[in-house]
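*Asks:* Chains D and C, in that order, give the protein sequences.
Start counting at 1 in the first sequence, then tack on 2, and there's your number in our numbering.
Start counting at 1 in the second sequence, then tack on 11, and there's your number in our numbering.
Rather than coming from a laboratory, the hints here were simulated on the basis of the structure.
Honestly, I wouldn't trust all of these hints.
Straight-line Cα separation of at most 30 angstroms, DSS-like style, residue types lysine-lysine; simulated pairs [unchecked claim]:
#1 C:53 - D:17
#2 C:53 - D:13
#3 C:125 - C:53
#4 C:69 - C:125
#5 D:59 - C:53
#6 D:19 - C:53
#7 D:59 - D:17
#8 C:69 - C:80
#9 D:59 - D:19
Please read all numbers here as calculations on a predicted model, not as lab measurements.
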Amino acid sequence: GAGVSQSPSNKVTEKGKDVELRCDPISGHTALYWYRQSLGQGLEFLIYFQGNSAPDKSGLPSDRFSAERTGGSVSTLTIQRTQQEDSAVYLCASSLGGAFSNQPQHFGDGTRLSIL
Amino acid sequence: AQSVTQLDSHVSVSEGTPVLLRCNYSSSYSPSLFWYVQHPNKGLQLLLKYTSAATLVKGINGFEAEFKKSETSFHLTKPSAHMSDAAEYFCVVSGTEEYGNKLVFGAGTILRVKS
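Construct the complete structure from the given sequences, taking the supplied hints into account.
*Replies:* Rendered as structure tokens:
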């Protein structure tokens, strides 16, 4: 398929461990977003990449969270020293244009992260 | 403050009857507005989008939404509900300086379709 692909689909880990979540955007999409979906908080923006510009990290909840996008394509979201409140579904989206281009965002199926 | 308000957390309809999911937004400008649907354990799928062209927007699966600037509303409708429409629906705004580089999501409306 040509959609946004996320891996793993499910991740269970112990509190204090580091985790890496991967996102493969749709080919040719220059913009990539990470969101977090959790009970009680709804859908929250985490970080935005657009081409070679510096990423918008304004939604990252703490310095334990980081993300990178290599070669303008694949992105990895890393959570260090996980806490139970990090349990959520992490969604990745990509779009053909940037945030002000009015292009819709296409979402992956998400990674369900559970911290024990 | 910028926001998106979905007026109903849950809506229940019978199969074959109309669907109305309500959404109001706040913005000093004319934002881009979207409706997304999320089925259980799935990502979000775009139903339709408004980007300052026609105020009545037609989407997939028979859904449509009307942008009413005077009411700052963008309600989602469908003439006849199907069982497969049961899901969670999100009204979303973006595309202005107020919202920055992100989509701002409403809290969601869970649609239940009874047979």
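*Asks:* State for each hint whether it applies.
*Replies:* Here is what the structure says about each hint:
no.: 1; hint: C:53 - D:17; result: holds, 26 angstroms
no.: 2; hint: C:53 - D:13; result: holds, 16 angstroms
no.: 3; hint: C:125 - C:53; result: holds, 22 angstroms
no.: 4; hint: C:69 - C:125; result: holds, 24 angstroms
no.: 5; hint: D:59 - C:53; result: holds, 25 angstroms
no.: 6; hint: D:19 - C:53; result: holds, 26 angstroms
no.: 7; hint: D:59 - D:17; result: holds, 24 angstroms
no.: 8; hint: C:69 - C:80; result: holds, 17 angstroms
no.: 9; hint: D:59 - D:19; result: holds, 22 angstroms
When held up to the earlier numbered hints, the structure conflicts with none and fits them all.
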